[in-house]
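Participant: Sequence:
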Amino acid sequence: MPRSLSELRHKDLFRTQGFIAHQWVDSTSGSTFEKCMRKTPTTPSKPPREHFKTFKKTIARQRAQWLRKWYALCLEHQDDLALILTLENGKPLAEAKGEVAYAASFLDWFASEAERTYGEVVPPANPSQRIITIKEPLGIAACLAPWNFSLAMITRKVGAALAAGCTTVWKPAGETPLSALALAVLAQEAGLPAGSINVLTTLNNVHEVGSALCENRLVRKLSFTGSTRVGKLLAQKCSVNLEQLSLELGGNSPFIVFNDANIETAVDAFLLAKFRNAGQTCITANRVFVQEGSYDRFAAALVERVKSLRVGNGVVDGVTIGPLTHERAVEKAVGHINDAISKGASVLLGGAPFQPDNLKGYFIQPTILSNVTPEAQVTSSCFFRSSNSTLYRARFRSCSFSVARHYQAYPSLVSSCFLNPPLDAHFPSVNRSWVGSGCEQDIGE
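Take the sequence shown: its position 206, counted from the start at 1, is 192 in the working numbering, and no numbers get skipped.
Treat the hints as calculated values from the structure; they're not laboratory data.
Hints are not guaranteed to be accurate.
DSS-like mimics (lysine-lysine), calculated; alpha carbons at most 27 Å apart, straight line [unchecked claim]: (1) Lys293 <-> Lys83; (2) Lys318 <-> Lys218; (3) Lys121 <-> Lys(-3).
Predicted model only: the values in this text are computed from it and were never measured.
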């Protein structure tokens, strides 16, 4: 397994320019930022509308073949993609390889869906009429991806758009542009035609690029994964042109353990649900509720397991937690810890920034806070943008109490619940509920 960019087997995967209509182009100013391009690239010779008019006429089977080829190339170059991802995001190589496989799976899925774009025949009320629905490509789709799963969130959005016959414009996060550009290299090799994929990278002009994608009438669909704050802004801007919008925003997911739960199983699931990608996921288990009868056993088992986690450079064997993405994440984590302590919480483990193995970087100790009060920021804030490796726990006596506390907090994307029998769990207003599991374990994540 390579450990530096110089060891990439597919050297062409490392790109630092924008990708427009099958051309690698510099920014209009020629300047760059620390990881990649700083401003919007030069305009391609052929207008985006013309590329869409051509691409939408391709047959579904051809689009499926392109996606399957792209899928195969991602798996063929899994090690190289994982290395690029680890070096710019920080997650351990094992996690990065898992994300590459996860990202590729979306391309495989949508390749099959491309050939199932069926219409419908609807029984009419008038016998002289015939009602038929036909599905057609919508237009140019803008895909705004986050830094925490920069490969998977792109393929999930772009794969769907291409399968439907829509051309795409990607805007990866400024913190992780290189993995998106590597994906574009493989998409080009897979045979996807010019103009079907375009990659705009920016760090200092995120607002301007986002506004342009929302307000440009050529863009008919926008998909965004990120913070709730930014999602609200995009919804406002897209409403001007009634641009179709899909949003996956942040949450503050609960993890609930009852007295009759298997403590070892619950701790195993919690470690995955909390510490994957250093806690920087939109479905991270940020709030832990443990019933009184199991509280002390769960706490003791959790402290011992968390002590065994190794924080460090993601390319080093044995490292299980990498750095946070940027300095703001560390500052936010420390602020939340100090706020919780000032409002009555106690520290069972960790609680401060540190430099493992004398590494310089954005590291924070894996932290367990006990008896966090409802007034603490950690119980009501969205952690998507600056999540951290910190655990927050509270006792409860009855099921009704834990569920009530769950609903009082910030909206959740998911919830995890451990009890016996598991079918007794039901959380009707949560997008997804995992019972006896956590963090997409049931689908191989």
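Participant: Between the alpha carbons of Lys293 and Lys83, is the straight-line distance 27 Å or under?
Facilitator: 25 Å, holds
Participant: Is Lys318 within 27 Å of Lys218, Cα to Cα?
Facilitator: 21 Å, holds
Participant: Assess, step by step, whether the Cα of Lys121 is no farther than 27 Å from the Cα of Lys(-3), and give holds or violated.
Facilitator: Distance of about 40 Å is beyond 27 Å: violated.
Hint compliance for this structure: hint 3 alone is broken.
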